[in-house]
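Dock chain B against chain A, hints included.
Number of protein chains: 2
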Amino acid sequence: MKHHLKNLLPIAVVLVAACTNNQKTVEATKNDQPVFPKGERVSNANFTGTVWVNYLAETDTVHHVNIGSVTFEPGARTNWHYHKGGQILLVTEGKGLYQEKGKAVQVINHGEVIKCPPDVAHWHGATPDEAMTHIAIGTNTNIGGAVWLQPVTEEEYKYPDETK
Amino acid sequence: MKHHLKNLLPIAVVLVAACTNNQKTVEATKNDQPVFPKGERVSNANFTGTVWVNYLAETDTVHHVNIGSVTFEPGARTNWHYHKGGQILLVTEGKGLYQEKGKAVQVINHGEVIKCPPDVAHWHGATPDEAMTHIAIGTNTNIGGAVWLQPVTEEEYKYPDETK
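Those sequence lines, one after another, are chains A and B. Counted from 1, the first sequence has number 365 at position 52 by the working numbering; the numbering is strictly sequential. Counted from 1, the second sequence has number 414 at position 101 by the working numbering; the numbering is strictly sequential.
Chain A with its partners taken away, still in its complex shape:
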C-alpha cells in the first residue's frame, strides 16, 4: 500500500506544479465548503492520482445501493471499469471528466447527474487543472459491484477540445 502511494507522489507533484498557472480556479476551490468530509485517501491500484473517499452507505440486503463521496484531485481519475448493476454520479463540487467506451470524453460540472448503465465500461475523474467531487451511487448491488479494468492512459485522459 505504501509503495503505491510513493509511486503516485511524482504524478501529484507534477499536477500541482501544472496547476499553479490557474490562480482563479485554485482560489475558487479553496473557498468551497465540502458537502461531506473528503474521507480517507484511496490507496489501491484502481485509480490514478490522488483520490479520497468517504463511504456514506455500505450496501445491504434491503436497499441494494452503496453510496460514497469521492474527491479527485486535479489529474486524478478512476481506471476503466464497469458496474454489474449500474451507477449514478451526482457532481457536488468542481469540474470533472467522464467517458464511456467508444464515446467522446465529456466535461461534467457541479450540479450535473450522470447515469452509467450496467456493464458499460467507463471512467471518471477530475479535469487536469481542477478537483472534482461526486457522490457515487452504485445501484442494483444485489446483482454485483464494480469490475475494474486497465488504467486510463495519458493519451486517453484528454480534456475535450471544444471546452478548452
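It is worth saying that the hints were derived from the structure and are not from the lab. None of the values given here were measured: they were computed from a predicted structure. Be careful, since some hints might not be right.
Identical copies look the same in the list; a pair holds intra-copy or inter-copy alike.
Below, simulated DSBU-like cross-link-like pairs (lysine-lysine); rule was C-alpha separation at most 35 Å, straight line [to be verified]:
| no. | residue 1 | residue 2 |
| --- | --- | --- |
| 1 | Lys428 | Lys351 |
| 2 | Lys414 | Lys351 |
| 3 | Lys397 | Lys428 |
| 4 | Lys397 | Lys471 |
| 5 | Lys471 | Lys414 |
| 6 | Lys416 | Lys471 |
| 7 | Lys351 | Lys416 |
| 8 | Lys397 | Lys351 |
| 9 | Lys471 | Lys428 |
| 10 | Lys471 | Lys351 |
| 11 | Lys428 | Lys414 |
For chain B alone, coordinates are given in the frame of chain A:
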C-alpha cells in the same frame, strides 16, 4: 394548486416571524452555498410548510432508484409516509428532524445518512428554527414508491428535549 399555496402562506409568515429571534442561524444559512439549486416549490398536500424539490434523477427500468434534493424551510416537514422499496437520506445542509413510527424524534445534521427501511412509516423535515436540505434516494423503485399518510401534527412535530 394555487389554493394550496395560499393556504400555506400564513404558516410560512408565522415561521419567518418565529425565526427572527435566531439571527445567528439565519446568517449561517444565508452564507451557505447550495449543493444543488433548490428547484421548484412543492405544492401538494403531502407536506406541511414551505418545501422545495430539485429532481436529480427520475426512476428508470435500469437503476431502480429516484433521487431528489429536497429543501425544508424552518418548520416544514413531510407527512407521515412509507416507501415500498425503502429510502436513503443524505443531509447536505442544515439541521432537521426524523422520526419512525413508535420511536423518538431524532435530530439529523449536515453530513448524516439515514436509511429508512421499506414499509416503515416515518417523516422528516427541518427543525422549527433551521432549514434542512437532504438528497433523498428512493430505492427498489421497481417494487413501488412512497405511500402518503396523514400530516405530522404540531404535537408530533417536537424538537427532542435532550438537544434543546
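Cα distance capped at 35 Å. Does Lys351 pair with Lys416 within a copy, between copies, both, or neither? both (30 Å within a copy, 32 Å between copies)
Checking an output row: Lys428 and Lys351, CA cutoff 35 Å. Within, between, both or neither? both (22 Å within a copy, 21 Å between copies)
First find the shortest C-alpha distance between Lys471 and Lys351 inside one copy, then the shortest across copies, and answer within, between, both or neither for a cut-off of 35 Å. So Lys471 and Lys351 pass the 35 Å test inside a copy (25 Å) and across (33 Å) alike.
Intra/inter-copy verdict for Lys471 and Lys428 if alpha-carbon distance must be at most 35 Å: within (21 Å within a copy, 38 Å between copies)
With identical chains, the pair Lys414 and Lys351 could be close in the same copy or across copies; at 35 Å between alpha carbons, which is it: within, between, both, or neither? For Lys414 and Lys351, the Cα distance is within 35 Å both inside one copy (28 Å) and across copies (33 Å).
Are the CA atoms of Lys428 and Lys414 at most 35 Å apart within a copy, between copies, both, or neither? both (14 Å within a copy, 34 Å between copies)
With identical chains, the pair Lys416 and Lys471 could be close in the same copy or across copies; at 35 Å between alpha carbons, which is it: within, between, both, or neither? within (13 Å within a copy, 52 Å between copies)
Is it within a copy, between copies, both, or neither that the alpha carbon of Lys397 lies no farther than 35 Å from that of Lys471? within (26 Å within a copy, 43 Å between copies)
At most 35 Å between CA atoms: does that hold for Lys397 and Lys428 within a copy, between copies, both, or neither? both (13 Å within a copy, 23 Å between copies)
When no copy is named, should Lys397 and Lys351 be tagged within, between, both, or neither for a Cα gap of at most 35 Å? both (26 Å within a copy, 32 Å between copies)
Within a copy, between copies, both or neither: which one fits Lys471 and Lys414 at a CA-CA cutoff of 35 Å? within (14 Å within a copy, 52 Å between copies)
Comparing the model with each numbered hint stated earlier shows that all of them hold.
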